[in-house]
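Protein sequences, first through last, are from chains W and E.
For the first sequence, position 99 matches number 144 in our numbering, and the numbering has no gaps at all.
For the second sequence, position 258 matches number 822 in our numbering, and the numbering has no gaps at all.
Hints are computed from structural coordinates only; laboratory data are not their basis.
Remember, it's a predicted structure, so these values are computed and weren't measured experimentally.
Among the clues, some could well be false.
As the list claims (entries may be wrong) - So the derived list for chain W, only partly shown, Cβ under 7 angstroms to chain E, looks like this: (1) GLY63; (2) ARG64; (3) GLU87; (4) SER88; (5) ALA166; (6) SER225; (7) ASN232; (8) LEU254; (9) HIS257; (10) VAL295; (11) ALA305; (12) SER306.
Think of the CB as a built atom: it goes at the ideal place given N, C-alpha and C, for glycine as much as any other residue.
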Amino acid sequence: MTLLALHGVSCHFSMPGGRALKAVDGVDLAVEAGQTFALVGESGCGKSTLAKLVLGLERLHAGRIVFDGTDVADLDRSGRRRFRARVQAVFQDPYSSLNPRLRVGTILSEPLTARGERGRAVQARTAEVLELVGLPENAARLYPHEFSGGQRQRITIARALVPQPELIVLDEPVSALDVSIRAQILNLLQDLQNELSLSYLLIAHDLALVEHTSDRLGVMYLGEIVESGPSAEVFAEPRHPYTQALLAAVPRPDPGHPRASGHVTGEIATALDPPSGCRFHPRCPHVMEVCRSVSPAVHTRRDTEADGTNLVRCHLAAT
Amino acid sequence: MNAPLLSVRDLKTHLFLRRGVVKAVDGVSFTLDAQETLGLIGESGSGKTMTGLSLLGLPPKPAGRIVGGSIVLEGRELVGLDEDVLAEEIRGRRIAMISQDPMTSLNPVFSVGEQVAAPLRAHDLAQGREAADLAIHELGRVRVPSARERSGDYPHQFSGGMRQRVVAAMAIACQPRVLIADEPTSALDVTIQVQFMDLLEALQAETGAALLFITHDLGVAASLCHRIAVMYAGRIVETANARTLYGSPAHPYTQGLLDSLPRLGRRRGRLTAIGGAPPDALRLPAGCAFHPRCPHATDRCREAAPPETRLDDGHIVRCWLHEDGS
Numbered sequence: 046m047t048l049l050a051l052h053g054v055s056c057h058f059s060m061p062g063g064r065a066l067k068a069v070d071g072v073d074l075a076v077e078a079g080q081t082f083a084l085v086g087e088s089g090c091g092k093s094t095l096a097k098l099v100l101g102l103e104r105l106h107a108g109r110i111v112f113d114g115t116d117v118a119d120l121d122r123s124g125r126r127r128f129r130a131r132v133q134a135v136f137q138d139p140y141s142s143l144n145p146r147l148r149v150g151t152i153l154s155e156p157l158t159a160r161g162e163r164g165r166a167v168q169a170r171t172a173e174v175l176e177l178v179g180l181p182e183n184a185a186r187l188y189p190h191e192f193s194g195g196q197r198q199r200i201t202i203a204r205a206l207v208p209q210p211e212l213i214v215l216d217e218p219v220s221a222l223d224v225s226i227r228a229q230i231l232n233l234l235q236d237l238q239n240e241l242s243l244s245y246l247l248i249a250h251d252l253a254l255v256e257h258t259s260d261r262l263g264v265m266y267l268g269e270i271v272e273s274g275p276s277a278e279v280f281a282e283p284r285h286p287y288t289q290a291l292l293a294a295v296p297r298p299d300p301g302h303p304r305a306s307g308h309v310t311g312e313i314a315t316a317l318d319p320p321s322g323c324r325f326h327p328r329c330p331h332v333m334e335v336c337r338s339v340s341p342a343v344h345t346r347r348d349t350e351a352d353g354t355n356l357v358r359c360h361l362a363a364t
Numbered sequence: 565m566n567a568p569l570l571s572v573r574d575l576k577t578h579l580f581l582r583r584g585v586v587k588a589v590d591g592v593s594f595t596l597d598a599q600e601t602l603g604l605i606g607e608s609g610s611g612k613t614m615t616g617l618s619l620l621g622l623p624p625k626p627a628g629r630i631v632g633g634s635i636v637l638e639g640r641e642l643v644g645l646d647e648d649v650l651a652e653e654i655r656g657r658r659i660a661m662i663s664q665d666p667m668t669s670l671n672p673v674f675s676v677g678e679q680v681a682a683p684l685r686a687h688d689l690a691q692g693r694e695a696a697d698l699a700i701h702e703l704g705r706v707r708v709p710s711a712r713e714r715s716g717d718y719p720h721q722f723s724g725g726m727r728q729r730v731v732a733a734m735a736i737a738c739q740p741r742v743l744i745a746d747e748p749t750s751a752l753d754v755t756i757q758v759q760f761m762d763l764l765e766a767l768q769a770e771t772g773a774a775l776l777f778i779t780h781d782l783g784v785a786a787s788l789c790h791r792i793a794v795m796y797a798g799r800i801v802e803t804a805n806a807r808t809l810y811g812s813p814a815h816p817y818t819q820g821l822l823d824s825l826p827r828l829g830r831r832r833g834r835l836t837a838i839g840g841a842p843p844d845a846l847r848l849p850a851g852c853a854f855h856p857r858c859p860h861a862t863d864r865c866r867e868a869a870p871p872e873t874r875l876d877d878g879h880i881v882r883c884w885l886h887e888d889g890s
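Next up, chain W with everything else stripped away, as it sits in the complex:
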């Protein structure tokens, strides 16, 4: 069952001089219930803007966001309120996303008190989520600075769990953490997903992590999804030259593995002034004449699947 579906979603920012920065430009994706959909790409590709669109923190310029069968734009006041409880977020930096002046107990009860709940039930839920994320009950009486980075990220995860969400947007959930505690947090997220049947929309740049944790993925470049599909298939057989380049560039903890030198040259263009034709063409090792002028159509990655979620946007896939 599809929990969250994006259809032709765009977000443009107007810049000085009347120009438009197309941060997200016509994105389709679907997050299945109980699964993890990962969005990968380099800085400036629009993945974080996309996360904000899903959370309702940026305004949609075009397209539809459908959650549990309902277009989010059609929700009335109470429906919107309900939606905000069902979709939660965990951000990258647990140092800046927790209010240093509030005790953990207050931080965790806020989502409940904000909707008018009081007393025992709030306390019980606070204790419950602390246990879920593996923190002791007395953590509620302490302040964020009394915890290590890994524990703080557990607190932000606990806060996200409080209103019993179905979807959690994870925006680089471990990249600000020490290497030796990342695995703890990734394991915790996996356990919570299994126990609570959570769906994750994971924003990440670390492809090894994405392969490990995701069911499906979408690769973004300059506001567009250039390739998407089941993670196992995309990793086994990347079709888009950008996906191939990203995979090759992953630094591997193996000195015998040669660096992917010269695989991709040049730099990411700006979304303010994207290249003509295929946006990746100035960096593509397989660039053809048509790539410079004609924007590639979306092709299915495999002949067997045509459900709109196993796609590659490349002229090479047309042949």
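Add chain E to chain W, keeping to what the hints say.
Below, chain E without anything else, positioned relative to chain W:
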């Protein structure tokens, strides 16, 4: 055997804070040969950046002080040298640093050409027009396209990857013998990261400089470093050539780190996590600082810090497990 280019012995840099003394670098020893790349790997607070700053004679003021040990560069002892001598003859001249964040290590109000020329002027290697021309030459060496035209541009007109190249050009301007690169690729995207590592290797081949590469990223280190030193709580717990370190790590911390990484080609399943968290620098555990997180900890680990044990082929480990050669 020739003496190494740089030899660091039992270096101790402590931070004297109101709340207590942080032994940020606590008895660190390593050597570095010309053209060699040594990776200094560790988590935040492990002392890797403080080690790099100590080599430059720049422990953070006023709390930081080198309290012991020696740093010998080309036969010359640097610990105890006058600040004037350090500034004139060593820092930026013989040892230079490429710092982590090109956004903050460049001055926004000077053109990149002026900034690359600054160390040349400061060390009196060139002045005026000549310094400006040399700066353009250095920008060309770090492969900034159209270096001459772009030398008048300001940092904000460059991309992150290009800014990091400008920082590298500043560092190599005075032909240093030792380059310290502190997380130079951490702020870069992976495709740009690859390009920057290629550049570092090329510069090293051209100049013969030694490179101390400080990073928390085991993948990046594997792709660039000849030898690796792993730091934990102010100490180097394991040193080995890269193949040995990744292929047969001897210290439980190194083993734990390598086991905990998600790797390409291995899907789902649970990761093998290291328990606990890095220790509070003001309250280090007694004995081996890793013992509270170590799956092999014994009473001996809780009581006394393990000495260095030499395994074969330059492989050094600080762990009681290996003390008897067991």
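Quiz item: Going through the earlier hints one by one, which of them does the structure break, listed in rising order?
Solution: 1, 2, 5
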